[in-house]
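Peer 1: Generate coordinates for the entire structure from the input sequences, incorporating the hints supplied.
Protein chains in written order, with our numbering: chain G, 1 to 145; chain S, 1 to 411.
Check each hint, because a few of them may be wrong.
[As the list claims (entries may be wrong)] Ranges of calculated distance between the beta carbons of each label pair, as one might list FRET restraints:
{"#": "1", "chain 1": "S", "residue 1": "E401", "chain 2": "G", "residue 2": "N75", "range": "21 to 27 Å"}
{"#": "2", "chain 1": "G", "residue 1": "D65", "chain 2": "S", "residue 2": "Q319", "range": "55 to 61 Å"}
{"#": "3", "chain 1": "G", "residue 1": "W132", "chain 2": "S", "residue 2": "L29", "range": "37 to 43 Å"}
[Unchecked claim] Partner residues are not named here, just some residues of chain S that face chain G (Cβ under 8 Å, in silico):
{"#": "4", "residue": "Y296"}
{"#": "5", "residue": "Q299"}
{"#": "6", "residue": "M355"}
{"#": "7", "residue": "F409"}
Calculated directly from the structure, the hints in this document are not laboratory data.
We put the CB at the ideal spot given by N, CA and C, even for glycine.
Given next are the chains, with one letter for each unit.
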Amino acid sequence: MMNVDEIQDEIINEFSLLDGDMEMSVFYIMELGQKLPVMKEELKTDENMVKGCQSKVWLTARLQDDRVYFEADSNTAITKGLVSLLIRIFNGQTPDAILNAELYFMKKIGMERFIGTQRSNGFAAMIKQMKWYSLAFKTQKQVAK
Amino acid sequence: MSTVATPIDVEKIRSQFPVLHQHVHGKPLIYFDNAATNQKPKRVVDALIRYYEHDNANIHRGIHTLAERATQAYESTRHALQGFINARHTEEIIFTRGVTESINLVASSYGRAILKAGDEVIISGLEHHSNIVPWQMICDERKAVLKVIPVSETGELEMAAYRSLLSDKTRMVAVNHASNSLGTINPIKEIITLAHQYGAVVLIDGAQAAAHLTIDVQDLDCDFYCISSHKMFGPTGTGILYGKQEILEKMPPYMGGGEMIKEVTFGKTTYNNLPYKFEAGTPNIADVIAWKEAIYFIQELGKDAIAAYENTLLRYATQKMSEIPAVRLIGTASEKVSVLSFVVTGIHHFDIGQMLDARGIAVRTGHHCTQPLMEQFGLEGTVRASFSVYNTKQEIDQLQEGVERIVNFMK
Numbered sequence: 001m002m003n004v005d006e007i008q009d010e011i012i013n014e015f016s017l018l019d020g021d022m023e024m025s026v027f028y029i030m031e032l033g034q035k036l037p038v039m040k041e042e043l044k045t046d047e048n049m050v051k052g053c054q055s056k057v058w059l060t061a062r063l064q065d066d067r068v069y070f071e072a073d074s075n076t077a078i079t080k081g082l083v084s085l086l087i088r089i090f091n092g093q094t095p096d097a098i099l100n101a102e103l104y105f106m107k108k109i110g111m112e113r114f115i116g117t118q119r120s121n122g123f124a125a126m127i128k129q130m131k132w133y134s135l136a137f138k139t140q141k142q143v144a145k
Numbered sequence: 001m002s003t004v005a006t007p008i009d010v011e012k013i014r015s016q017f018p019v020l021h022q023h024v025h026g027k028p029l030i031y032f033d034n035a036a037t038n039q040k041p042k043r044v045v046d047a048l049i050r051y052y053e054h055d056n057a058n059i060h061r062g063i064h065t066l067a068e069r070a071t072q073a074y075e076s077t078r079h080a081l082q083g084f085i086n087a088r089h090t091e092e093i094i095f096t097r098g099v100t101e102s103i104n105l106v107a108s109s110y111g112r113a114i115l116k117a118g119d120e121v122i123i124s125g126l127e128h129h130s131n132i133v134p135w136q137m138i139c140d141e142r143k144a145v146l147k148v149i150p151v152s153e154t155g156e157l158e159m160a161a162y163r164s165l166l167s168d169k170t171r172m173v174a175v176n177h178a179s180n181s182l183g184t185i186n187p188i189k190e191i192i193t194l195a196h197q198y199g200a201v202v203l204i205d206g207a208q209a210a211a212h213l214t215i216d217v218q219d220l221d222c223d224f225y226c227i228s229s230h231k232m233f234g235p236t237g238t239g240i241l242y243g244k245q246e247i248l249e250k251m252p253p254y255m256g257g258g259e260m261i262k263e264v265t266f267g268k269t270t271y272n273n274l275p276y277k278f279e280a281g282t283p284n285i286a287d288v289i290a291w292k293e294a295i296y297f298i299q300e301l302g303k304d305a306i307a308a309y310e311n312t313l314l315r316y317a318t319q320k321m322s323e324i325p326a327v328r329l330i331g332t333a334s335e336k337v338s339v340l341s342f343v344v345t346g347i348h349h350f351d352i353g354q355m356l357d358a359r360g361i362a363v364r365t366g367h368h369c370t371q372p373l374m375e376q377f378g379l380e381g382t383v384r385a386s387f388s389v390y391n392t393k394q395e396i397d398q399l400q401e402g403v404e405r406i407v408n409f410m411k
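Peer 2: Printed below as a string of structure tokens:
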């Protein structure tokens with residue numbers, strides 16, 4: 001399977017076809033969100049809600065064969081699209097790969113405005129939460145050893 | 001103020017706003033977030049630069065030429081504001097950081113001085129958080145009771161309910177002139193007259209009115225009226241509290257410090273006269289001075305002409321947006337300032353806002369600092385487009401097209 005940077009480069013390549021058109025890019029992000037596998041309703045709990053997002057984002061993770069798999073949903077289409085991009089990059093990676101990942105694709109696809117300051121989708125909060133999960137899995141494993 | 005309105009020449013007006021002439025994400029900027037803050041004509045920006053390049057000095061106590069020039073310019077804005085709201089005296093115009101501070105000043109100073117346990121303060125369901133929280137805080141402290149005038153389905157105040165809330169216990173009524181999230185213009189003259197029958201004092205939050213409606217505090221007979229500069233083409237960070245002189249005289253100071261004193265000893269301090277009693281510390285001199293140009297900008301266009309033009313835009317936008325079946329307008333009062341709040345069935349307001357931004361259209365999304373009102377309508381928030389004198393029908397067409405595209409995409 002592709003590593004984190006290879007997937008990021010693939011995403012950058014896809015967005016480059018949109019020629020920097022912001023509207024097309026946002027539409028594309030929403031389209032990707034629509035393709036995200038449906039998250040079970042019972043997983044959409046307050047406990048699974050990502051803190052620091054104005055829109056609602058639910059995120060869960062599981063470890064299988066030393067690889068991390070995320071499930072997510074959001075009540076806003078753009079945020080759902082953004083989280084789907086993160087899932088595409090991180091799903092099936094090792095906890096270490098996620099913890100060490102440097103995400104540069106947002107800037108390269110002209111979406112840096114969604115990072116950090118944009119409280120409405122809490123992109124940074126989502127990444128942080130995914131890294132927390134990965135750290136927890138890693139720690140669990142070390143303790144088990 | 002002219003009674004016969006000269007029609008608005010929108011291209012001429014737009015040429016005075018440098019910020020409007022730019023592209024956002026490759027599209028011409030369409031600025032529909034005027035209820036949050038409107039843009040500044042060049043003459044306001046020029047006044048700021050002129051002040052710092054030629055006149056910068058601390059005001060009131062200086063004896064040198066620059067201090068004198070700065071003081072005169074600062075005080076001439078006070079004079080202009082006295083005219084703008086038709087106050088009796090310049091002493092009734094107190095500079096603050098804006099409406100929020102003005103309301104806090106009244107709640108803290110006047111509220112703390114007069115409220116006793118069991119007294120009642122009435123606000124309305126249309127209020128911005130800044131006209132809710134200061135009253136909650138002081139009512140909590142003084143064990144007074146906060147009452148709320150309910151809002152109808154159309155976004156109008158239930159006046160019959162207001163009448164029944166008024167009683168001998170009512171000490172204070174605080175409502176806005178126009179609602180920031182729905183645009184409703186409230187019947188404040190009637191509200192004031194009724195409150196006065198019970199001896200209550202009335203504060204009007206004029207944040208959304210200042211750029212759109214004629215304000216005559218003597219005719220209204222309100223006791224306090226609050227304005228923010230940045231919502232009327234002036235700089236951010238300044239505003240006023242208007243208060244009737246006889247009430248302001250009796251009020252204790254709000255903040256202690258320089259400017260507000262007559263004489264200080266360690267034993268006792270005597271306070272300065274109005275309005276300085278309430279203006280502790282070095283004020284926001286530059287922004288106050290530049291604000292005057294914004295006042296002149298409005299007065300030269302004429303409030304009647306501005307209102308007539310904005311009403312045309314509002315009616316047009318209401319009609320255009322109503323043509324989209326998925327759009328539901330929130331706030332359909334018969335009297336409105338140029339605010340159009342709406343939701344789109346099945347699409348989150350954040351998505352609409354971000355999609356519109358991708359087309360260069362700036363709107364506001366969310367609860368607009370009126371969470372209790374949103375709750376009443378069963379909403380988390382709305383999309384709010386608010387229009388100013390430099391907006392055009394063509395821009396509204398773009399808004400409609402933008403929303404339609406999103407609706408079609410999300411189908």
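Peer 1: Taking the hints in turn, state whether each one holds.
Peer 2: Results for each hint:
no.: 1; hint: S:E401 <-> G:N75: 21 to 27 Å; result: holds (25 Å)
no.: 2; hint: G:D65 <-> S:Q319: 55 to 61 Å; result: holds (60 Å)
no.: 3; hint: G:W132 <-> S:L29: 37 to 43 Å; result: holds (39 Å)
no.: 4; hint: Y296; result: violated (36 Å)
no.: 5; hint: Q299; result: violated (38 Å)
no.: 6; hint: M355; result: holds (6 Å)
no.: 7; hint: F409; result: holds (6 Å)
Of the hints listed earlier, those the structure fails to meet are numbers 4 and 5, in rising order.
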